[in-house]
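Fit chain B to the supplied structure of chain A, relying on the hints for placement.
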Amino acid sequence: MIDKIANILTNPNFANFAMNTKYTVTTESIFKATGRPAAIMLDKNVDLDTRKYAATKEGLYQLLCLGIYLTMIPLVFKKYGFKIAQKILKNDSDLPNFKDANEYLAYAKLASRKKADRNDAKTLAKISDNLKINDSDKFTLKEHLLNDEKPPEFPVAKGALELSNLVGTVIGLAWIASELSNHILHPLMRMLGFEKKPEKQSGININS
Amino acid sequence: MLTPFQNRFKNLCLKLGKNNNALYGALTIAASKGILRPTFTMMDKKQERKSRTYTAFREGFTGVVAFASYLVTNAGVNKLAKHIAKETNKLDKLPQMTSTLSLISVSLTALFVIPWICNFATKPLLDKIQGNKNTKPLTPQPKIHKSNDIPFRSLYYGRVYNNFNTGLKIGGGL
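Keeping their order, the protein sequence lines are chains A and B.
Just so you know, the first sequence maps onto residues 1 to 208 in my numbering.
Just so you know, the second sequence maps onto residues 1 to 174 in my numbering.
In short, the hints are calculated from the structure, not lab data.
One thing to keep in mind: the hints can contain errors.
[Claimed, not checked] Cut-off 25 Å, straight-line C-alpha distance, at most; resulting in silico cross-link-like pairs (PhoX-like, lysine-lysine):
#1 A:Lys150 to B:Lys45
#2 A:Lys87 to B:Lys10
#3 B:Lys86 to A:Lys83
#4 A:Lys79 to A:Lys132
#5 B:Lys86 to B:Lys15
The following block holds chain A by itself, in its conformation from the complex (with noise of 0.2 Å):
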């Protein structure tokens, strides 16, 4: 039973999975997405239409700031965050130079594949010919894939992109996804029927 359990835990799929920032940002926040209301439904000391409100309303916040951050990852950090750790690493053998982090990223996943595998022109493709290590390696990259059993890894490379993910949760999720999506949730709240477009009317004091 318990070597069941430790071949499940080892399992490579899992393992990448579960080191991967935006995937296990995206499965926290999938969670909370989904326990957050269920915990507002279960609270019996509330009347049922406050807590269809709130639940709905805390559902639809997680989601929109996931999808928000998700939307954000490929197109800043990720993009920006490995060419500056490139840059603050400039010339250092442990991040080569890459043209940008999908180029990397179709290295790596060659890499983590069998020699005879790796013939995968697609894939191969995204990785430019003369690329190499640096200036004193003979081979290039694509041809130490083509003939290492185990081609050259790149982990600060991956880090990089990691470090770029988290960064991306501060920035995206926990400050900019949070303060948009609080203007696109009134309008979707409207059209579920939860909400009324609001009248002109001044803030309430809750101790009124």
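Showing chain B alone in chain A's frame:
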């Protein structure tokens, strides 16, 4: 030759590249939302001060609960992963095991533990703080509203839901 900053940056990237963990993302969200959301709430001058303080407290408190919950559950994850790796003679695969278990633990904590703690602790704690300040406590109103009433307000788990032009925001939760 790398500068000290470059060295630190490289080591950080190396650590994340080799052994990234779901815990890092969860802690980042908890800390950043726990700090940023109350800050933004307190900066929202459209809202009455007491409401701002209340909302900011709830958001900050949720951040603290989330951060602590993730740390506590992850401590259990590390022990469990070590135990499984030892029993199955797969100590070399310990990082993968820890990462996968960490993701499971973070998900379950977000799904059950944090909402449960917040449900039980936020309102009594807030009432206590407000009681100490001799302010009128926020108490639920028996028949609150029909779903389309505008404006409507209600207190839910110590959370005020009102109409949208008052500046109070939902989703401070982490």
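These are the hints, each one checked on the structure:
1. A:Lys150 to B:Lys45: 59 Å, violated
2. A:Lys87 to B:Lys10: Judged against 25 Å, a Cα distance of about 12 Å means the pair holds.
3. B:Lys86 to A:Lys83: 41 Å, violated
4. A:Lys79 to A:Lys132: With a Cα-Cα distance of about 21 Å, the restraint between Lys79 (chain A) and Lys132 (chain A) holds, given a limit of 25 Å.
5. B:Lys86 to B:Lys15: 23 Å, holds
Of the numbered hints stated above, those contradicted by the structure are hints 1, 3, listed in ascending order.
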